[in-house]
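A.B. asks: If you want the building blocks of each chain, they are given just below.
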Amino acid sequence: MAGEFYLIKSESATDVASLDITDCFNSTYNFYEVIWYAKRASGSSATNSYMRFLDSTGSAITSGYNVGYYRYDRYIGIIYSTTNTYINDGQLQDTDRANAGRMSIANPYADDRYTTGYSQRYMYTDNIGGAARGRGYFGLNGLKDVQRITGLQIYGTSGNLDIDIAVYGFGE
Amino acid sequence: MAGELNLVSSTTVTSDVASVTLTGIDTTYDIYKVLITNARGNNTSANSWRMRWIVGGSPETGNNYFTQWESHNAVSNFEWNGFATDYRYSGNTEMYIGDGSSDTGECYNANINLYKAYDNDSEARFDIEQHSTNSGGNLIAAKGGGYRKAQQICTGVQIYVASYSIASGYFGLYGYNYS
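First to last, the sequence lines map onto chains A and B.
According to numbering that gives the first Met the number 0, the stretch in the first sequence is residues 0 to 171, in order.
According to numbering that gives the first Met the number 0, the stretch in the second sequence is residues 0 to 178, in order.
Here chain B stands alone, though its shape is the one from the complex (with noise of 0.2 Å):
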C-alpha cells in the first residue's frame, strides 16, 4: 500500500541462535527497512553487531563490503569515518552495524533503511541509526551506512553479532513506497 510501513517477516529470538536472516525482499517495494528491538547476545562480551546480504539464497560473505560511521557517547570524545579502517577504505566480509553489549540493562536497537537491494542495476546500501550500550557499559549512538560493492540481487539480510549467538530480541523486515 503506497506511502506505508508494512511489515514483510520477522523473527523473535528467545533462545540461542547463530543469526538472523530475514527474507522477503523483491519489487513490491521501493525501500525496506529492518527494525532491531531489545537484541542481546548469549554472552556479556557479545557485543559488536554485524550484517550481510542475502545473495541468491544465501549470505554474501565475498569482500567488498563498506561501512561509513560515526558514534556518539556520553563520556568522551567520539568516534567518526567509521569502526575499522578496513571497514572504510579496504572492504570487508561483512557490515558494521554498530555496538550493542548484553549485560544486564543492556540490549542493541537499529533502525536500518535497506536502499536498491533487489536490483542488479545498482549497489545495495543501506543507513542505520543506532542506539545501545558499549563494551565498557557506556550508552551510545550512532548514524552510518554502507554498501557492497557488486551489483546484484538481495533478497534479504543477515544479522548476527560476532563470536556469540543472538540470545533474543526482535528482528523485523518492513517495506515502504517512496508515493
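If we strip away everything but chain A, and leave its shape as in the complex, we get (with noise of 0.2 Å):
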C-alpha cells in the first residue's frame, strides 16, 4: 500500500547486539505503523529480545514504559505495568527463533502529548510449561510522558539479533 500510507524508514542489520532506527518519528506524521523481526543471530545465545524508544538526542529511554497486554500459549496471561523498562519483549529460547510484529504508535514526536500504541507480535518458544509451544502478544505499548520521541531501538539479551524494522506514517 502507497498513496497516504509512506514508507518513512527502514533498517536492517545481522548479528549486532542492538539496531536504531533513528529519525522515523517527525512532525509530518501523527499516526505510525511499525514491522520488525528479531531473530536470534547464527550461532548467538540471545535469549531475548525488547523494543526502546529513542528521546531527542536519539538515546534509548530507560524506564516509564506503560505496557498492558494479553499473552496466549499454552496458558492465557494478562501482563500490565507502568514502570516498565522496554516494550515488544519476546523470547528467543533456541537457534532461529524469532519475535514478529507490528505496532501502531501515535504522537511520539509530539512534546505535548502522551505516546500510545497497540502491538501484536509472535514467537515461538521452546519452553512453556515444559513443552515448546507458540506464543503471541496483543496490548498496549504507551510512554506516560510528554517528552519527543524520535526513533526505536532494538536489542537482545545474552547475544547478537538479526533485526529488520520498518517505520510507515498515515498522510495527513
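Since the hints were derived computationally from the structure, they do not count as laboratory data.
The beta carbon of each residue, even a glycine, is placed where N, CA and C say it ideally should be.
Be careful, since some hints might not be right.
Quick look at which bits of chain B chain A covers, simulated, 3 or more residues with Cβ under 8 Å [to be verified]: (1) 32-42; (2) 104-111; (3) 137-144; (4) 165-178.
Can you join these two chains into the complex? Each is in its own frame, and there are hints to help.
C.D. replies: Next comes the structure, spelled out in C-alpha cells:
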C-alpha cells in the first residue's frame, strides 16, 4: 500500500547487539505503523529481544513504559505495568527463533501529548510449561510522558540478533 | 489507484463542533478507513467517543448498532466482550469507538476500517484499533468492531464525543482496494 501510507525509513542488520532506527518519527505524521523481525543470530545465545523508544537526543529511554498485554500460549496471561523498562519483549529460546510483530503508534514526536500504541507479536518458544509452544502478545505500549520520541531501538540479551524494522506514516 | 491508500475527505477541528461528518463513501474503493489523531473534547471530562453511519445524507440514529470490544491498560485487569451490555446484545443507537480523555497530554487516536459500507445487500461494519487515555488518566489501547444490523447504503460516518463537543483533532476518510 502506498498513496497516503508512506514508508519513512527501514533498517536491517545481522549479528548485532542492537539496532537503532533514528529520526523515523517527525512532525509530518501523527500516526505510524511499525513492523519488525528480530531473530537470534547464527551462533548466538540470545534469549530475548526488546524494543525501546529513542528520545530527542537519540538515546534510548530506559524506564517508565506503560504496557498492558494479553499473552497467549498454553495459558492466557495478563501483563500490565506502568514502570516497564522496555516494550515488545519476545523470547528466543533456540536457533532461528524470532520475535516478529507490528505496532501502531500515535504522537511519538509531539512534545505535548502522551505516546500511545498497540502491538501484536508472535514467537515460537521452546519451553512453556515444559513444552514447545507458539506465543502471541497483544496490547498496549505507551509512555505517559510528553517528551519527544524520535526513533526506536531493538536489542537482545545474552547474544546478538538479526534485525529488520520499518516505520510507515499515515498522511494527513 | 489499486492497492494504494487514498485520501477521500478530511477535516481538522480547531474550535468546538458538536460532531464531525466524513462523507464520500461510494463504489470507488472496496474498503474505507477513518483515521483520527489528536482528538480532544471541549471539557476535561469528555471521554467516550461514538460513531454513526451516514444514511440518506443524515446520521442513522435508529437502533440495532452493535459493538464488541476488548481494552488493555497498564494498571489493572482488562475489559473484554464490550463496553456495556447494551452495546453487545440489545443494539444501540450509536457505535462505541473507545475512550479518550481530554486533559493535559491526553488525546484520542483511532484507525478504523469500514467494510461493505456502500452496499445495500450487506450490513456495513467496522474494525478498530484505538489508543488514548481513559477517564482515570491511564493509558489504554483497544481493539474491537461493530455493525448495524441493517442492509443499507452508508455514504459516510458521523463522529462525536458523548455529552460534549469536539474541540480539536484530525479526522480523515481514506479508501483502498483489495488489489
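A.B. asks: Tell me whether the statement that chain A covers the segment 104-111 of chain B is true, taking a Cβ distance below 8 Å and needing three residues at minimum.
C.D. replies: holds (count 5)
A.B. asks: Three or more residues of the segment 137-144 of chain B near chain A by CB distance under 8 Å?
C.D. replies: holds (count 6)
A.B. asks: Taking a Cβ-to-Cβ distance below 8 Å as contact, does the segment 165-178 of chain B have at least three residues touching chain A?
C.D. replies: holds (count 4)
A.B. asks: Quick check: the segment 32-42 of chain B, covered by chain A? Criterion 3+ residues, Cβ under 8 Å.
C.D. replies: holds (count 3)
Checked against the numbered hints listed earlier, the structure breaks none of them; every hint is satisfied.
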